[in-house]
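> Line order of the protein sequences matches chains A and B. Under the numbering used here, the first residue of the first sequence carries the number 19, and numbering increases by one thereafter. Under the numbering used here, the first residue of the second sequence carries the number 3, and numbering increases by one thereafter.
Since the hints were derived computationally from the structure, they do not count as laboratory data. Treat the hints with care, since some could be wrong.
[What the hints assert, rightly or not] Only pairs whose alpha carbons sit at most 25 Å apart, straight line, appear in this in silico DSS-like list of lysine-lysine: (1) A:K320 / B:K251; (2) B:K117 / A:K125; (3) B:K251 / A:K239; (4) A:K300 / B:K249; (5) A:K157 / B:K27; (6) A:K100 / A:K45; (7) A:K195 / B:K156; (8) A:K195 / B:K27; (9) A:K138 / B:K27; (10) A:K225 / B:K239; (11) B:K27 / B:K117; (12) B:K249 / A:K239; (13) A:K200 / B:K175; (14) B:K111 / A:K125; (15) A:K267 / B:K153; (16) A:K200 / B:K156; (17) A:K215 / B:K213; (18) B:K20 / A:K293; (19) A:K81 / A:K225; (20) B:K24 / A:K157; (21) A:K195 / B:K239.
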Amino acid sequence: QSTLVVAEHDNASVRSITLNAITAATKLGGEVSCLVAGSGCAKAAEQVAKIAGVKKVLLADNKAFEGFLPEALTPVIVESQKQFKFTHIIAGASAFGKGLLPRVAAKLDVQPISEVTEIKGADTFVRTIYAGNAVMTLKASDPIKVITVRGTSFEAAGDGGSGVQEKAPDVSISDVKAQFVKQELAKNDRPELTSAKVIISGGRGLKSGDNFKLLYDLADKLGAAVGASRAAVDAGFCANDLQIGQTGKIVAPELYIAVGISGAIQHLAGMKDSKTIVAINKDPDAPIFQVADLGLVADLFKAVPELTGKL
Amino acid sequence: MAMRALVGCKRVIDYAVKVRVKPDKTGVVIDGVKHSMNPFDEIAVEEAVRMKEKKLVSEIVAVSCGPAQCQETLRTAMAMGADKAIHVEIPAKEFELVQPIHIAKILAKLATDVKADVVILGKQAIDDDCNQTAQMTAAFLDWPQAVFAAKIEKDGDSLAVTREIDGGTETIKVNVPAVISADLRLNEPRYATLPNIMKAKKKPMEKKTAKDLGVDLTPRIQVISVEDPPVREAGQKVDDVDQLITKLKGLGRI
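The shape of chain B in the complex, shown without the other chains:
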């Protein structure tokens, strides 16, 4: 089994940044804010690289959809070990209303075009928190899905995937080709080393547009408002454990 893997790499606001809602309530402040690869996508890339190291995967194609800066995200993926990259350029303004259904259609088309055997994506992006793209890509391809993966093993001609579910794990077997989404416990992504960052600069990057792939990006939702969450006021300090117990009893919490 030597598969071709397609991995998704979304460029998102860095997880350590405190996002700020725009005063006009149309979204969050994106300009001038540090961006990075979606942490769950880093796990997806790492897994593909490990599968390549185990000779399960022969080639890794990284994809990112969005504005020109996504090319940096793709260079990071290639520095981690992806062999080549496809940047599906969507201008920043238009990208604001692009949703998982659009990305899934793009990924499904690309998976067919590059003859991928496995598509590995992060389980969700930490910006829109949708957790949909892998499931929808699998549906468009009519491939089986193994989402929230915590462990991936080869099992004959199929893959045995241990999935995170509420209260534990479950194991399923999926035939290849398949779509997998990476959960937190799957692995710990490596840091790109300087020599690999240099090497990544020479790896091939193809540019495409949604139109090239025949995907219609008409928005499916309309954003009415984006607001700050209700502010949580700090309460009171208690002096000791006894007072804490009294207060909790008063609130009916214990």
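One chain only, chain A, in its complex shape:
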């Protein structure tokens, strides 16, 4: 038994979700190798080799991997599996991992397992269905397991590894019918919603998009990301990509502060795994208080600025 972790990186440095994926890989037992595929990615590979638990780093440096397109990366992963007979292939359940691993699995004729939250054994995994409203334990029967893991469910691996670097198998990557054009990452200093340690989230109680400034001010104090409920998005207060919930993003930060959010099930599904939930709402009967560790029944327009001021 051995595991290949597909590292996510930007050529210069490895993304933190890879550290969570490596921890998941070590829980399986067996040797852990990491594939670092990119263009000009030697630095990222060096970093990966130093992560605790990594025995081997397969380096695939090729211009064809620019933009990390699944069409280009899939052949090198499939070929690596064939050469080293990995029993498990793991990546973080990020946009990268979720886009790539199912394609790899199909090429290996394997049913992939998405967003695993717990590893019970080499073939037994736990994941949530219905946006976290039910928890499924399943046994995968395919000989190779292709898994993405939820980053918030596994600790980040530390450093202290001394992985051996070697070249990934050579594959000819031609005829890729997709082309990377550009990437536009949100230009702000705030962390991403899905990896933020603290999230301030606003609902219909904010009454307008302008009032979201109250949340941004608080977020700046706490180094937090800002999210929203579907009701706030539907009301046009903020962009759709801030939406947390069943049809939006699933988050599990250490601290989640729900402001003016009533707590519809669709919203709770997206945030109830947060470690500490704070609710600020003027309606004492709002369902959000049923899941909140700390509830403050108050007018948010007074409470939030006061909180920001006192931190």
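With chain A held as given, fit chain B onto it using these hints.
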């Protein structure tokens, strides 16, 4: 460019329903529960209809796999603007263990059979939350994939697709034929109007089985248990902001 689009329409428990786990832990209660089209698939259908309105698409074929009730889901897709439908009938009992790999094989075969130029699917179904079918369909067809699409534009003979990624968006170009999966921001699906619902009743619907398409539905996973998530106990109410800050400091959260 006038493409034929194949769109997937999964019938799932309606998003507003609170799902209940069966007491024997084998799954969730499905009988007698309101079902609807998977919200992400509605976005996929809507996008195909908009592409048809822009003359990018000439014909829309909606597909749904599952029990007989999927035909209602397909009628909804046709009321939104799909031209015809294919129902791949899989009995309810068997459908419980059907997974994205099976559906992707069915879709890949159908895409070839109907000579589709573009397959548009929702990025994930809100029941199993797998987020795999589009990627796997693309792999089986050896077509490029543009998943988590937030915007689709024609660019010469290819499609420029803006995709949702962590922390922003990225744009890729894919040659046609291609598989696209729809993310939340792609569009807001229309409601079917009564005249269109009436018209949809007359649109053609073909029935097939997985066997007709040569797809083996042998389960790839075994469900050990389906359970309620750990219950989150309500905590305590605090009196004011000062007390909130004290408690949060005590917990080491700030």
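> Each hint: holds or not?
Here's how the hints hold up against the structure:
The suggested pairing of K320 (chain A) with K251 (chain B) holds, with an alpha-carbon distance near 21 Å, which does not exceed 25 Å. About 22 Å separates the Cα atoms of K117 (chain B) and K125 (chain A), which keeps this hinted pair within 25 Å; it holds. At roughly 14 Å between alpha-carbon atoms, K251 (chain B) and K239 (chain A) fall within 25 Å of each other, so this suggested pair holds. Among the hinted pairs, K300 (chain A) with K249 (chain B) is consistent with the structure: their alpha-carbon atoms are about 20 Å apart, no more than 25 Å.
A distance of roughly 15 Å separates the Cα atoms of K157 (chain A) and K27 (chain B); the hinted pair therefore holds under the 25 Å criterion. Using a Cα cut-off of 25 Å, the hinted pair K100 (chain A) and K45 (chain A) holds, with the two alpha carbons roughly 23 Å apart. Of the pairs offered as hints, the one joining K195 (chain A) and K156 (chain B) holds, with about 15 Å between alpha carbons and a cut-off of 25 Å not exceeded. Restraint check for K195 (chain A) and K27 (chain B): the C-alpha separation of about 44 Å exceeds 25 Å, so the hint is violated.
For the hint linking K138 (chain A) to K27 (chain B), the alpha-carbon distance of about 18 Å falls within 25 Å, and the restraint holds. In summary, the hint linking K225 (chain A) to K239 (chain B) is supported, as the alpha carbons are separated by about 24 Å, within the 25 Å threshold. For the hint linking K27 (chain B) to K117 (chain B), the alpha-carbon distance of about 42 Å lies beyond 25 Å, and the restraint is violated. Proposed proximity of K249 (chain B) and K239 (chain A) is supported: the alpha carbons are some 17 Å apart, at most 25 Å.
Restraint check for K200 (chain A) and K175 (chain B): the C-alpha separation of about 10 Å stays at or below 25 Å, so the hint holds. A hinted pair counts as satisfied when its Cα atoms are at most 25 Å apart, and K111 (chain B) with K125 (chain A) qualifies at roughly 15 Å. In summary, the hint linking K267 (chain A) to K153 (chain B) is supported, as the alpha carbons are separated by about 19 Å, within the 25 Å threshold. For a cut-off of 25 Å, the pair hint linking K200 (chain A) to K156 (chain B) stands: about 16 Å separates their Cα positions.
Between K215 (chain A) and K213 (chain B) the CA atoms are separated by roughly 49 Å; this puts the pair beyond 25 Å, and the hint is violated. For the proposed pair K20 (chain B) and K293 (chain A), the alpha carbon gap of about 23 Å is at most 25 Å, so the pair holds. Distance check on the hinted pair: K81 (chain A) and K225 (chain A) sit about 49 Å apart at the alpha-carbon level, beyond 25 Å; violated. For the hint linking K24 (chain B) to K157 (chain A), the alpha-carbon distance of about 19 Å falls within 25 Å, and the restraint holds.
At roughly 57 Å between alpha-carbon atoms, K195 (chain A) and K239 (chain B) are farther apart than 25 Å, so this suggested pair is violated.
The structure does not agree with the numbered hints 8, 11, 17, 19 and 21 stated previously, though it agrees with the rest.
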